[in-house]
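Student: Using the sequences plus the hints, can you model the full thing?
2 protein chains.
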Amino acid sequence: MKLYGFWRSSAAYRVRIALNLKGLDAEQSFVHLRKGEQRAPDFLTLNPQGLVPSLIEGDRAFTQSLAIVEYLEETHPAPAFLPKDAMARARVRALALAIACDIHPLNNLRVLVYLKREMKQEQATIDEWYRHWVREGFTGIEQMLATSKETGKFCHGDAPGLADICLVPQIYNAQRLACDLAPYPTIMRIHAACQALAAFQNAAPEQQGDAE
Amino acid sequence: MKLYGFWRSSAAYRVRIALNLKGLDAEQSFVHLRKGEQRAPDFLTLNPQGLVPSLIEGDRAFTQSLAIVEYLEETHPAPAFLPKDAMARARVRALALAIACDIHPLNNLRVLVYLKREMKQEQATIDEWYRHWVREGFTGIEQMLATSKETGKFCHGDAPGLADICLVPQIYNAQRLACDLAPYPTIMRIHAACQALAAFQNAAPEQQGDAE
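Chains Y and H supply the protein sequences, listed in that same order. The first sequence begins at 22 in this note's numbering and counts up by one. The second sequence begins at 22 in this note's numbering and counts up by one.
These are computed hints drawn from the structure, not numbers from a lab. Warning: the hint list may mix true and false statements.
Since the list gives no way to pick one copy over another, a pair counts as held whenever it fits inside one copy or between any two copies.
[To be verified] The list that follows gives simulated cross-link-like pairs (lysine-lysine, DSBU-like), each with its CA atoms no further than 35 Å apart:
| hint | residue 1 | residue 2 |
| --- | --- | --- |
| 1 | LYS56 | LYS43 |
| 2 | LYS43 | LYS170 |
| 3 | LYS43 | LYS137 |
| 4 | LYS56 | LYS105 |
| 5 | LYS174 | LYS23 |
| 6 | LYS56 | LYS170 |
| 7 | LYS23 | LYS137 |
| 8 | LYS23 | LYS170 |
Tutor: Listed below in structure tokens is the structure:
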């Protein structure tokens with residue numbers, strides 16, 4: 022397998038965590054998002070959206086981090102990222118999607134660049150935009166985690182799974198932008214539990230070959 | 022089952038299509054997003070994110086449209102929304118997520134309201150923002166669909182599935198904002214195939230009890 026990513030891409034970071042948790046090796050190839058390498062014609066054949074990550078297996082190019090993680094889960098079931106019970110699976114997927122749909126897309130590099138270049142916004146306004154969507158998202162997620170008996174050491178029970186895979190890269194981003202994370206004690210407790218694991222540590226942006 | 026939604030919410034629209042395709046009945050309850058009913062304390066107990074949809078079954082409240090659709094797929098497997106093969110499932114999920122993560126969240130009502138109220142943007146600038154993300158997203162998705170032999174009458178093969186469930190509400194939104202859809206002939210051909218089906222027709226915003 023070969024993973025096309027970028028050290029600071031949270032979507033690529035998710036896939037790196039997932040590969041590590043499953044104990045899978047993937048050769049890494051770096052796509053420099055700030056240099057626009059994601060829009061090179063060769064890369065667009067691997068990901069017509071011009072986004073990272075892409076995971077290559079044989080002659081197949083997989084895109085969209087959550088689709089890739091679900092694929093890894095289906096093809097390498099142990100250790101499991103999702104519980105067995107359908108209701109519990111829906112809970113874990115909802116937590117993951119609350120990050121992957123409702124926080125991250127709004128704070129993605131291409132969006133911040135659009136706010137700056139096309140909409141001529143000041144950096145302070147863009148930073149507040151960023152923090153606003155983190156607050157909106159984490160407020161709901163903290164509530165979902167803090168009020169459920171299914172929350173354990175991790176987002177669901179005592180083993181890391183799909184929701185944790187999305188949570189850690191989102192916190193990395195939030196910390197970069199100096200978001201106040203004190204209002205989210207459950208999220209931060211789970212984050213600390215994840216960060217104690219080598220699978221998460223080794224997936225961190227600063228550990229990647231293209232880190233600057 | 023009871024579905025909390027709003028006629029114009031594309032996330033609720035997805036779940037309505039899914040319920041119809043599976044032949045499932047759900048009582049509908051309406052949450053008026055423009056009146057802020059999604060932030061009422063009672064509703065926040067059903068969805069701490071303050072978003073629609075929420076699907077209630079027994080004492081359980083499910084959130085996040087894609088998590089709900091996957092739950093319906095797991096608990097009511099026929100007709101299937103996802104193919105059997107893991108690689109093909111990843112393709113369908115990637116198409117769905119390309120919409121659900123990379124187009125829709127940027128054009129959601131709460132985001133447009135933020136651009137207007139907090140960032141004081143003109144309506145023309147907001148409309149161009151909207152159309153920009155539709156173009157970005159549909160350009161990649163058209164390519165993914167047009168270049169794959171797995172695309173059939175629908176996004177994957179000849180039966181509607183998860184990707185089609187996401188595509189149709191996104192086109193409804195794009196048409197409302199007068200986006201030019203001529204550059205996406207494959208998307209529009211699939212859209213027409215979906216719209217020929219009662220499951221999609223009956224899920225349309227204008228068919229709902231709270232339509233204005």
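Student: Look at each hint and say if it fits the structure.
Tutor: Verification of the hints:
no. : hint             : result
1   : LYS56 <-> LYS43  : within (31 Å within a copy, 46 Å between copies)
2   : LYS43 <-> LYS170 : both (26 Å within a copy, 31 Å between copies)
3   : LYS43 <-> LYS137 : neither (39 Å within a copy, 44 Å between copies)
4   : LYS56 <-> LYS105 : neither (42 Å within a copy, 39 Å between copies)
5   : LYS174 <-> LYS23 : both (32 Å within a copy, 32 Å between copies)
6   : LYS56 <-> LYS170 : between (45 Å within a copy, 32 Å between copies)
7   : LYS23 <-> LYS137 : within (33 Å within a copy, 42 Å between copies)
8   : LYS23 <-> LYS170 : between (38 Å within a copy, 23 Å between copies)
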